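So the protein lines, in turn, are chains L and S.
If you're matching positions, the first sequence starts at 3 in our numbering and goes up one per residue.
If you're matching positions, the second sequence starts at 290 in our numbering and goes up one per residue.
Source of the hints: derived by calculation from the structure; they are not laboratory data.
Each hint should be verified, as a subset may be incorrect.
[What the hints assert, rightly or not] If you want the ones that stay clear, here's a sample from chain L, every Cβ over 10 Å from chain S, calculated:
#, residue
1, Arg85
2, Asp110
3, Glu114
4, Arg116
5, Ala133
6, Asp137
7, Asp152
8, His165
9, Ala167
10, Glu179
11, Ala225
12, Thr240
13, Arg246
14, Arg247
[What the hints assert, rightly or not] Straight-line Cα separation of at most 27 Å, DSS-like style, residue types lysine-lysine; simulated pairs:
#, chain 1, residue 1, chain 2, residue 2
15, L, Lys112, S, Lys655
16, S, Lys437, L, Lys181
17, L, Lys192, S, Lys623
18, S, Lys321, L, Lys57
19, S, Lys293, S, Lys698
20, L, Lys78, S, Lys311
21, L, Lys192, S, Lys652
22, S, Lys655, L, Lys232
23, L, Lys154, S, Lys427
24, S, Lys615, S, Lys370
25, S, Lys427, L, Lys57
26, S, Lys581, S, Lys420
27, S, Lys375, S, Lys615
28, L, Lys8, L, Lys86
29, S, Lys655, L, Lys192
30, L, Lys154, S, Lys437
31, L, Lys89, L, Lys6
What you are looking at is a predicted structure, and each value in this text was computed from that prediction instead of being measured.
Don't be surprised by glycine CBs; every beta carbon is placed ideally from N, CA and C.
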Amino acid sequence: MAWKQKALVGPKPRVGVYGFTGCAGDQLLLIHTEDELLNLFRAVNIHSFVMASSKPIEEALDVAFVEGSISTEEEKEHLLDIRKRAKILVAIGNCAVNGGPQAMYAGDTKYEKRLEQVYGNAQFVSEPLEAKPLDAYVTVDYYLPGCSIDAKQAFPLISRLVHGAIPEPYPHPVCHECKLNENRCLLIDKRFCLGPLTLGGCGSACPNHNLPCVGCWGPSDDANFTEHVKLLESFGMTKKDIIRRIRNYGGHKILKYIEKI
Amino acid sequence: MPGKQDISIEPLARVEGHGGIKVEIQDNKISKVEVRILEGPRLFETLVVGKTPEEDLSIVPRICAICNLSHKYAALRGLEKALGVKVPQATQEYRHLMHHGEFLESHSLHIYFLALPDFLGYNNAVAMAEKHGETVVKALKLKKFGNKIMRLMGGRMIHGENPILGGFGRLPSREELIQLKEEALELLPFAIETIDLLATLDVPDHMERETQFLCCKPLHDGYDYYGDSFLTSDGKEHPAEDYKSVIKEHVVGHSFAKRSAYNGKPFTVGAIARVLLLGERFKGEAKKAYDKLYNERWHRNPIYNNFAQAIEQVFSLEGVIEVVDKLLASEPPKVALPTQETGAGTGAVEAPRGTLIHHYKIKDGKTTAADFITPTAMFLDDLEEFIRTGGQTMLARKQKENIELEFEKIARSYDPCISCSAHLVEVEFK
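With the rest of the complex left out, here is chain L (with noise of 0.2 Å):
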């Protein structure tokens, strides 16, 4: 599998950054690489990014990079405004990739139910909406997921987009970089674990520290969900206990994964 080029763009593209519903970890990653961050801001043209800067110009974007659920028509109107301007999309984290975390009990049809349960009738700054990754309503040119993201995979899609040459996608699983680092297999000592169902990229964080991975960078497209959840059930666990924390960080993208288990 490999991306198509979408646009091109020049040297220093005009860049926005800008977050939807989430924990704006995505846009903090980005801050936080302090070896990275200067020449970032020197390489390209920064128009937006609220989180680190004041007075946005929003006029036309080379790339808009975009975190966060859509969960409010406002953030609605906002994205479909970003995607009109933007010669390139990139969705930056579980929650605009996925629809992260809140959109854990995607499709159980609930929603309204639960937002009553929560809110009764009460009036709102914006319409919510269930939590939903940035595709549900705008075509997305790239993918970079996690939760959160991870530099390693951000910086050289980022640069690719600089330099005007195309990304390419890590389709890879947890269990491929768990191996390069030689951790021993939680799944052999019978442990849970959803390192082969789940997107590399984290460098298996978790198994490194003797822990098992907890899906968060999202569904891996090349996993057998159906055997996975057979090996996990003959260590004891019931299906229901090992199908909840599948879709923990699985929004929308996991359902058609699961759908025939």
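Given the structure of chain L, go ahead and fit chain S onto it with the hints provided.
Relative to chain L, chain S alone:
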């Protein structure tokens, strides 16, 4: 000036999350102030129902990236009480180390990158770097150090899973600990220089008014960032479990955030509240910094929160050095296990921007209810009151220029975390 005038500052820049400020002026009087929280609701309290405590610990820090480890810490303190986990002293020390890391990360981000550009007249810290290059480069080093501790103890930069019930997945090596101490010693002079830099800044007085303060009372007689009870500026002490009767929450129509009151009035939490309530407990360089910066205007002026954070940077660097020494002298602790599957617990810590409370009810190993009260939800009402007073004074002084920037400065001084505050609004049925 008669008639109606609206000032709308949206989006509010250099804060965490998506918010805005709306001020209405009617016949030269401030008729309305609204700090608007524009992020959608995420319903975290409902997300964790039916989950294991282990899943809770993974999910709830996702409320906020900047203070994810404070959320983890509050969750651990609440869940460990609920499940009867006896946490070894050395594990507590490792958690203090983790917490110092987060304070250094969050405070340095706020002071140098979000707040200082206002005082020095720039849109952002990178623009500020042209004239203040050395400060920005050193600030990046300090922030990087905070992040390094968070990565080491948390398991990765943001949303690490390494802190678990009763302990950690993996503990740092002696070499890693020694290196942290060395770096803290190296960075301490810069944190002290920052105190001198702040001492030269002019602090506006237009918003000054009396208010109330609240923070966690440390479990020892020193300064610290956690506790099992709250201190308030009326001299009272309240057990953390009683948080619902101490902090009264209510809902306003213009934001997705709960609001809070103490004694029926707004109050402030955060570095300024901690320093005002606990400042006499400082030692070493932190005490020197406190003596240099503190004055009685702090009680009425939230801009000094930036100063209080700078004192806490010094305290946390000294804290890292002290904790590392203790850890080097202790044996690596084992992970403590739950002794029960049913129970309830309240965990309180100080997040960088103020008191953070988590409450959990667990039945047969599954969560039946959870409640999170975040610092931003606590101080939003007080923040609005300061903007109102500031606006009133500026109008009376006919100070129209930069009135928006002055409002933004007040809001930013609180270091508001909009993701944290937007997680849930509860409506009472009557």
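Is the straight-line distance between the alpha-carbon of Lys321(S) and that of Lys57(L) 27 Å or less? holds (24 Å)
Non-interface claim for Ala225(L), where every Cβ of chain S lies beyond 10 Å: holds (20 Å)
Is the Cβ of His165(L) farther than 10 Å from every Cβ of chain S? holds (21 Å)
Restraint check for Lys615(S) with Lys370(S), where alpha carbons must lie at most 27 Å apart: Holds - the C-alpha atoms of Lys370(S) and Lys615(S) are around 25 Å apart, at most 27 Å.
Please verify whether Lys8(L) and Lys86(L) have alpha carbons no more than 27 Å apart. holds (14 Å)
Does the alpha-carbon distance linking Lys437(S) and Lys181(L) stay inside the 27 Å limit? It holds: about 25 Å lies between the C-alpha atoms, which stays within 27 Å.
Given hint Lys57(L) paired with Lys427(S) - CA-CA distance at most 27 Å: Roughly 25 Å separates the two Cα atoms, so the pair holds.
Do the alpha carbons of Lys192(L) and Lys652(S) lie within 27 Å of each other, as the hint requires? holds (25 Å)
Given the hint that Lys154(L) pairs with Lys427(S), test it: the Cα-Cα distance must not exceed 27 Å. holds (24 Å)
For a C-alpha distance cap of 27 Å, please report whether Lys89(L) and Lys6(L) respect it. Judged against 27 Å, a Cα distance of about 14 Å means the pair holds.
Would you check the hint for Lys655(S) and Lys232(L), treating anything up to 27 Å between C-alpha atoms as holding? It holds: about 23 Å lies between the C-alpha atoms, which stays within 27 Å.
Checking the smallest CB distance to chain S, is Ala167(L) really beyond 10 Å? holds (25 Å)
The structure fails hints 4, 5, 7, 13 and 14 (numbered hints given earlier, in ascending order).
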